[in-house]
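Visitor: Note that the protein sequences, when read in sequence, are chains C and S.
FYI, the numbering used here numbers position 314 of the first sequence as 314, with every residue one higher than the one before it.
FYI, the numbering used here numbers position 329 of the second sequence as 715, with every residue one higher than the one before it.
Derived from the structure by calculation, the hints contain no laboratory data.
Errors might be hidden in some of the hints.
[Said to hold, decoys possible] For lysine-lysine, the following DSBU-like pairs were computed, each having C-alpha atoms within a straight-line distance of at most 35 Å: (1) Lys378/C / Lys494/S; (2) Lys365/C / Lys404/S; (3) Lys365/C / Lys400/S.
[Claimed, not checked] To give an idea of the interface, some chain C residues facing chain S are shown, with a C-beta separation under 8 Å as derived from the structure: (4) Asn36; (5) Arg101; (6) Gly169; (7) Leu191; (8) Asp208; (9) Arg216; (10) Phe317; (11) Ala321.
For each residue, glycine too, the CB sits at the ideal point set by N, CA and C.
2 protein chains.
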Amino acid sequence: MAEFVDRVDVEARKRALKVFREKFMQILRQIERGENPTLVLPKRTLQNTIYDERRRLLLLGPEKLRRSFFDLHEARKFMQTLLMARIIYEALERDEYPTIRDLYYRGKHTIVVQGLDGRRYEENTWDEQRESDSVIRDIEVLTGLLREEMLILSKEKGKVVGYMKIRSGNDVIDLSKMGHGAYAIEPTPDLIEFIDVDAEYVLVIEKDAVFQQLHRIGFWRKHKVILITSAGQPDRATRRFVRRLSEELKLPVYVLTDADPYGWYIYSVFKIGSITLSYESERLATPDAKFLGVSMTDIFGYGSKKPYLSEQERRNFIIRATDKDIKRAQELMNYHWFRTPKWKVELDIFLKKRAKLEIEALTSKGLRFLADRYIPEKIQTGDWID
Amino acid sequence: MAEFVDRVDVEARKRALKVFREKFMQILRQIERGENPTLVLPKRTLQNTIYDERRRLLLLGPEKLRRSFFDLHEARKFMQTLLMARIIYEALERDEYPTIRDLYYRGKHTIVVQGLDGRRYEENTWDEQRESDSVIRDIEVLTGLLREEMLILSKEKGKVVGYMKIRSGNDVIDLSKMGHGAYAIEPTPDLIEFIDVDAEYVLVIEKDAVFQQLHRIGFWRKHKVILITSAGQPDRATRRFVRRLSEELKLPVYVLTDADPYGWYIYSVFKIGSITLSYESERLATPDAKFLGVSMTDIFGYGSKKPYLSEQERRNFIIRATDKDIKRAQELMNYHWFRTPKWKVELDIFLKKRAKLEIEALTSKGLRFLADRYIPEKIQTGDWID
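Model the full structure from these sequences, guided by the hints.
Guide: In structure tokens:
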């Protein structure tokens, strides 16, 4: 099906293959020099994860890991890394588009060796996908390439509509002409070209159903908004897509979630990145993203700010936080970026009231309330948290 | 934002409002005649769920439920039903697009009454969404309208690409020009108009990531396929969309899932509908849908059929079925439509080998294997299960 392969993919493959060949050549040269073949890569540990205050990003620190072939403790990892690198390299050469699950299966086999003692030994390349996924992450930090740049695909949940045209593959797509449906973002958003954008800001909505509602009443047309849903916890492509809108088009990004620690965490992943995968943050996080709501002060008011809910509505809409919610909130308080005065107020109210609220509680007040008052008013008065 | 409301939505509202008004008038007339206000609706019980062998659909039987106002056991349910009907009616009139979660919140409040004994009584309209959802289902069978026809929206996971144009809202969308992304199906697929279709068949894929892969290599271009993913358990809109492709365009529909009871169940929901929501089947199920694979005979062979996997591949790819899988398979054997000779072979092999397989095990053999051999060969030789 070579006739259907498009130019941007061919070029992406060339770029990735070049990086892999350089890495392979380094090892070859080590062998030729009679050295112990060794891979040097940044440590992906929590200790080596640094929050860069200025850039407001989680980044990998300077610590390096040396993984050598002639080292009893490292040989297995060394071989796993080279096996996976080979599989990805071959997939790139053969115009394949593997998933991380494919890569797990492709590499999964049993190596049988005769030991010096004459006995037969069996060793699996890897047993679980957790193991092969970790190797893929090592290869990402080793090569400096995101898996998407290696044409590794994944499932995608993110959707978008708005006054914007994009070029993806061989097509130009008008994201303002999606009818009642939406454009499902591709797994390799770096290959998207933004052609024509007419937007005031980007609104990222946690819940797909709320996205559907705002879309259907033409909210994004009236307010010139790029409307996006992550459909829950955002995947990598949605995060990268939002980051590119922020960085390249200089559009403000607002995130709208439920008023609960799970919603705050979704915001945090968009803004800062996930702690366990800090090496991605530099490319996937959107440090300028703002938390639009629903905030605790929207529910209860604070100082001179009046609440959006009446006493009666609070009684009907508020859900009692579980112990798990409380625990999660306390964890969030450990993060640098939740230690600002505004977040302190949010978390204090949450812990005191043990109250959470779903965004649907606001749409139940009337969709127009959300669309015509809540969102525009909060953006206009700067009633968001950075 | 009235300027953005489109014609099909206005007409859908008119149709739904008319049905509701008729139902309301019936109750009014009962009251005027001094009768006990009573709603009569089909019973949504398992006992009243019938498998129609000829149409191959789960349908509600002839049993009716009478729900009266002056009946201590039924008064609460009667009032809940009318409350929800009123909320939906008002939403239709006000050009709203509620979700079922909204409707839960809109109706949720506490009714305070002074009893004859002088004491104060409190009663909640409903406590949990489970309760209000059940009332919405009652209204669906009462009015004969699907919730989508009442402009009730929901989250949607389904995506599609293919040589097809559709009209949705005020736009005409070319589903063959989605780049590397896809078209995210709208929550009200009955309002879609199929304009221009050039396809041999419909292929529904359980896994979004496999959809992404086949999409990216142009599988649907080469074979003229409408390619759809349900991204796991299908939602209502995806099911209705597939049904319309089958019924109105007379396209064969093939379903491709993992080789496990969960995959079989996904196929079953597409084909027959879910047992608990049989009243939807008549509109959402696709009785002609065929199970393309991955089948147990694909893995192990059967009679003269050679397996697609080598002994070595089976060793690396097969996952051992859990007790839960076994239990689920035994449940499936109780369903009429799993009692055919071909399904009996499948289930027998499964229970004997206790083996399951993910579709990614096939893509790991090379994406071309899946795209150029497995799928076309199975369709060509009729190696699917009806």
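Visitor: Please write out, lowest number first, the hints stated earlier that are contradicted by the structure.
Guide: 4, 11
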